[in-house]
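Residue numbers (this note's numbering), protein chains in the order written: chain A, 1 to 255; chain B, 1 to 255; chain C, 1 to 255; chain D, 1 to 255; chain E, 1 to 255.
The set of hints was computed from the structure by calculation and includes no laboratory data. It should be emphasised that the depicted structure is a prediction, and the values quoted were computed from it without experimental measurement. Hints are supplied without guarantee of correctness; some may be wrong.
As the list claims (entries may be wrong) - So the derived label-pair ranges between C-beta atoms look like this:
#, chain 1, residue 1, chain 2, residue 2, range
1, D, ARG193, C, SER123, 19 to 25 Å
2, E, ALA5, C, ILE145, 40 to 46 Å
3, E, LEU154, A, GLY88, 31 to 37 Å
4, A, TYR244, D, THR188, 38 to 44 Å
5, A, SER184, E, LEU198, 37 to 43 Å
6, B, LYS69, A, GLN8, 25 to 31 Å
What the hints assert, rightly or not - Covered stretches of chain B, going by a simulated chain A footprint (3 or more residues, C-beta under 8 Å):
#, region
7, 75-81
8, 133-147
9, 187-196
Glycine included, C-beta positions come from ideal geometry on N, C-alpha and C.
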Amino acid sequence: MIPDALTQGQFDTVYNFLSLVIAAQLFTALFLTFGLSRILPRYRLAITVAIVVCGIAAYHYFRIFDSFKAAFVSDSVGGVDGYTAAVGESFNEGYRYVDWLLTVPLLLLELIAILALARKVQSGLIVRLMVAAGLMIILGYPGEISGDNGVRGLFGLLSTIPFAYILFVLFRQLSKSLATQPVSVRGTLSRLRWLLLLSWGVYPIAYLLPLLNIAGSDAWVAKQVGYSVADIVAKAIYALIIFYVARMKSYDDDP
Amino acid sequence: MIPDALTQGQFDTVYNFLSLVIAAQLFTALFLTFGLSRILPRYRLAITVAIVVCGIAAYHYFRIFDSFKAAFVSDSVGGVDGYTAAVGESFNEGYRYVDWLLTVPLLLLELIAILALARKVQSGLIVRLMVAAGLMIILGYPGEISGDNGVRGLFGLLSTIPFAYILFVLFRQLSKSLATQPVSVRGTLSRLRWLLLLSWGVYPIAYLLPLLNIAGSDAWVAKQVGYSVADIVAKAIYALIIFYVARMKSYDDDP
Amino acid sequence: MIPDALTQGQFDTVYNFLSLVIAAQLFTALFLTFGLSRILPRYRLAITVAIVVCGIAAYHYFRIFDSFKAAFVSDSVGGVDGYTAAVGESFNEGYRYVDWLLTVPLLLLELIAILALARKVQSGLIVRLMVAAGLMIILGYPGEISGDNGVRGLFGLLSTIPFAYILFVLFRQLSKSLATQPVSVRGTLSRLRWLLLLSWGVYPIAYLLPLLNIAGSDAWVAKQVGYSVADIVAKAIYALIIFYVARMKSYDDDP
Amino acid sequence: MIPDALTQGQFDTVYNFLSLVIAAQLFTALFLTFGLSRILPRYRLAITVAIVVCGIAAYHYFRIFDSFKAAFVSDSVGGVDGYTAAVGESFNEGYRYVDWLLTVPLLLLELIAILALARKVQSGLIVRLMVAAGLMIILGYPGEISGDNGVRGLFGLLSTIPFAYILFVLFRQLSKSLATQPVSVRGTLSRLRWLLLLSWGVYPIAYLLPLLNIAGSDAWVAKQVGYSVADIVAKAIYALIIFYVARMKSYDDDP
Amino acid sequence: MIPDALTQGQFDTVYNFLSLVIAAQLFTALFLTFGLSRILPRYRLAITVAIVVCGIAAYHYFRIFDSFKAAFVSDSVGGVDGYTAAVGESFNEGYRYVDWLLTVPLLLLELIAILALARKVQSGLIVRLMVAAGLMIILGYPGEISGDNGVRGLFGLLSTIPFAYILFVLFRQLSKSLATQPVSVRGTLSRLRWLLLLSWGVYPIAYLLPLLNIAGSDAWVAKQVGYSVADIVAKAIYALIIFYVARMKSYDDDP
Ligand SMILES: CC1=C(/C=C/C(C)=C/C=C/C(C)=C/C=O)C(C)(C)CCC1
Ligand SMILES: CC1=C(/C=C/C(C)=C/C=C/C(C)=C/C=O)C(C)(C)CCC1
Ligand SMILES: CC1=C(/C=C/C(C)=C/C=C/C(C)=C/C=O)C(C)(C)CCC1
Ligand SMILES: CC1=C(/C=C/C(C)=C/C=C/C(C)=C/C=O)C(C)(C)CCC1
Ligand SMILES: CC1=C(/C=C/C(C)=C/C=C/C(C)=C/C=O)C(C)(C)CCC1
Ligand code: NA
Ligand code: NA
Ligand code: NA
Ligand code: NA
Ligand code: NA
Ligand code: NA
Ligand code: NA
Ligand code: NA
Ligand code: NA
Ligand code: NA
């Protein structure tokens, strides 16, 4: 639930984290754009998709940031006595789902593309994972917007099925492909599995909070901060690791 | 008819779909821009036109989004009690026709360009299809802005003549040219015909709703969602398929 | 004269046409930018100038659009009862003259550059035509802002002298140079003369309207639509034709 | 002094000139960017600096324009009865000094770079001229913001010392280097001296106006127009001339 | 502490300095982007990081500038009687820490990358310095936002430990590597040590001001000006020096 009031400290914390995400995503996209020409053509699709993902995230955080600023107002000088929910403006939580619908399938594509598996295996994987990702987001949405804990639980459960499937396929696939990857990136790719698991795990946990009766403005602020950090890890840091792998592979193929 | 009031759920749905279209068009254009250098010069016109089309659509959806946000206001905290039509601001439905006037002829050009037919055939087709597309939009407009169902029906009928002509020519042309296309893209191009038919069909159907006495805010929200999805399919997804065909053909010509 | 009131239909018409010009100019500039690398260096000046011209026009139409939106307000829900001139905001007609001062000389440069005449002839022509263009705009301005029909007539007449000179020189020059142009573009360049005459003729005719006692909001709306269409033809369509000529010539010189 | 009131004609004049400068600087920067690849690497520093200078100027004029629009308000329909200074918003004259602090040293660098003198001579000149330019601006500032004519006169005088030094060095240097420049650009470079003198001279003259008891809104409008024209000549036109010289030299070195 | 009131002179000073930083960072980033192609690939990482750093700074100063403009309001015509803290808007000091969290590690990376040390040494240094930089910022933050001088002092002290470590490592490393650097850049790199020390020293000094009981609007204005100048030196000027070193090294490696 969106809180009715925020202290100045809470307001500033959310404000600064949302702005941090904008900067992180935007300038990761810029950095990757400058680096694109140093990647061999065969790995460029992965980096192009990473640029697009970070760009989309930056776009959505611009909207989330503006939505947040409009949704809370203060009537004290300098905002020192805190903020309350504004008349006629709502903080739109749905943006995140719109973002995920576009970026989660692309994040999977990014990973598959950098592994550079055999063409046959690759297109099969892409289709299956992207469909599962779409299902996961779409199934989670009705639970997110419902006020009823039963509905939330049910759709959360349904959404967890494709989620588990994605994690399972990714893990098996990443582990299997490690043997065929150049030595220089094996360690990185292996660690990437854990980064993926940890950052993606944040989203269903945040979804569960209302079921655990964790509410109030502190929980809400924690959720916004959690989402912000998870989005930086799962998109920007992830993209930089993929870029590093692409550089290494480019160097290995054509030193 | 633009509704007098929207529930918060309806407002958020339209809001999120309009924003989704912006992101989809903008970042498809960006993705294609990054990919342009991997397409052989002879197929670049098609991709350049696709970039322009998605760019124009993004521009118009920015305007539609802003127009929507200004046109509905709420006087409850957080907007929870819903929105009503604002004083002095109207949701401008006409934008869509302005968009179509520019993009529909370009979408046809995109397709003709990717087929890379003989120069003679090509320029004849382009002229005839673009003129028909212009006629279709211009004839539909007076019906769209008229409050009278008779006028709407009449101009809808007139507009359907060039529409039918376009579909007929495209289908025949696509089917005929399939034989001369490289094997690697024949399946894709054949399926493209159906995607085109399905997505373009949404527009005249939405136009008919008032004639069928389907009105009210639910119908209006459905129409906005329908337009949004159709615009993503007919421009962004379509562009990505054209890009795929261009990549395949580039590879076939110069492996 | 700027009208005191506009019906919703009139308001929307002007609104949509102004927005159409923005999209047309902006995306023509983008399209030309993508195409620049396919033009031989010797014809690139013409295309670069065309990009700049369309960019400047887009910039000015952004301002005109915002100025228009601020200058008319409505106090009915959804704006259905029409708009009246706003307090404290004026629709700035002068923007067009600022635009012309920059773009009209550049449009002439564009044409001279694409003809690729002998260097001697070329620089003479450029200087004479650009000076005449500057004079034409500067002489027209005092008449445009004057409320007095006599002043308007006088400056209109003075401005027509350089205008006639420009048309005369262009026509003679274009006709003379046709013989030295490659066969592939002769027809196009010959038709370009008429497009130029027709589109440039709109401006002095719109200037004359007040002298002919044609006033009222309908005449004003017609003038805005007329300017919009003329600006699309004289800048964007014109640029695309110049681009086509440059492509043809590039191909002829280096097939 | 910033006037208390402006007629609509005065307001529109300042408005149009400020907007004209934005367009001129922005699109000169764009034009130079497109042209950069046609300049030999050894002359590209000059053009890059010119792009940066015009970009900085465009940025500052965006701010000046917005500041101007906010600082004057009208309470008549369409603004016909004129504008008065707004409550709580001031027209910030200091922007110009911020702009000069960045651009004047760069304008000097631009010129030195295009002359392509011996490396030793060049770096000495750059250091001395840039320091003098910084001094000139910083010394002028306290006079500009002081209400006291004595202070204004004193700092104006102090600022004139580095100003005179710059003009003296430039003139001597330009004249001396003419002999070593290619014949094709000698005339242009010689005329450039005068353009520099004339356009730079506008700034100290505008500074003197209050000392000459020339005040009132007409003088202020004249000053804004004067600054605008001088800024277009001293940055945009100047840049285009430097570009022309760079093109000529590139052609001479590598025809 | 954020002051309750500012004179017009104080307001304009902060305003102009904040805008100066935007222009300096943005156009340094642009200049470096244009220069990137003249740097050998092996030094491009340093310059790309410099572009990203200046871009991030420009982004944050845009936000700081807007925050400042909203946080102080005036009720006198033209703002002549000064400004007071606004209701409901606060000047967000935390932005700077968000900025530092992203840029300080990158500034260190920039320097290590330009030195082009042995790969082993380099990655060790990067990890240690970036971790220390992160610690320094994160430890300083609780002190910055605390109203209690004891807390401020304690966290300031803790933050100084990684700060001292960074300076120590950098100095030793820079001094040690001087011998292996090309002669042409040794002087520059040696001077760079001092520029770094001087500009980075500004931040802890500004942090100390409240401990020294230096408060009031003058001290606050001085702090904003100090931060602005330090940010220009530590990011933009620093980047230009790094660029100069990269150019020299590129020339040495491949004249
Ligand atoms: C399992 C599950 C969910 C999973 C969401 C995930 C896994 C989102 C990932 C987002 C990412 C990776 C964003 C990128 O930055 C939902 C929809 C919350 C609903 C509850 C069940
Ligand atoms: C037949 C018909 C129409 C057809 C419209 C079409 C076919 C629009 C296509 C738009 C596209 C493809 C947009 C791109 O994204 C109108 C004008 C509604 C009027 C009623 C009759
Ligand atoms: C003769 C004449 C005029 C001519 C104006 C022209 C010819 C303008 C052309 C504008 C163009 C080509 C714009 C580009 O899009 C004025 C000044 C109205 C004043 C009355 C007499
Ligand atoms: C001598 C003098 C001055 C000179 C200013 C100059 C010479 C400014 C040049 C600006 C330029 C060239 C801008 C670029 O477009 C001041 C500071 C007004 C103070 C009074 C004395
Ligand atoms: C030692 C110390 C600090 C150091 C801050 C520094 C060194 C910041 C550097 C910022 C830079 C270089 C920005 C780039 O432009 C704090 C956090 C103020 C807290 C008090 C102790
Ligand atoms: Na707020
Ligand atoms: Na959410
Ligand atoms: Na609203
Ligand atoms: Na419609
Ligand atoms: Na309005
Ligand atoms: Na006009
Ligand atoms: Na105003
Ligand atoms: Na000034
Ligand atoms: Na303010
Ligand atoms: Na701070």
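Quick rundown of the hints versus the structure:
1. ARG193/D with SER123/C: 19 to 25 Å: 22 Å, holds
2. ALA5/E with ILE145/C: 40 to 46 Å: Taking Cβ atoms as reference, ALA5/E and ILE145/C lie about 44 Å apart, which means the hint holds.
3. LEU154/E with GLY88/A: 31 to 37 Å: Violated: the Cβ-Cβ distance is about 44 Å, outside 31 to 37 Å.
4. TYR244/A with THR188/D: 38 to 44 Å: 50 Å, violated
5. SER184/A with LEU198/E: 37 to 43 Å: Distance hint for SER184/A, LEU198/E holds at roughly 41 Å.
6. LYS69/B with GLN8/A: 25 to 31 Å: 27 Å, holds
7. 75-81: Our answer is that it holds, as 6 residues pass the Cβ test (under 8 Å) against chain A, meeting three.
8. 133-147: violated (count 0)
9. 187-196: The restraint on the region 187-196 of chain B is violated, since only 0 of its residues have a Cβ under 8 Å from chain A and three are required.
Violated hints for the displayed structure, listed by number in ascending order: 3, 4, 8, 9.
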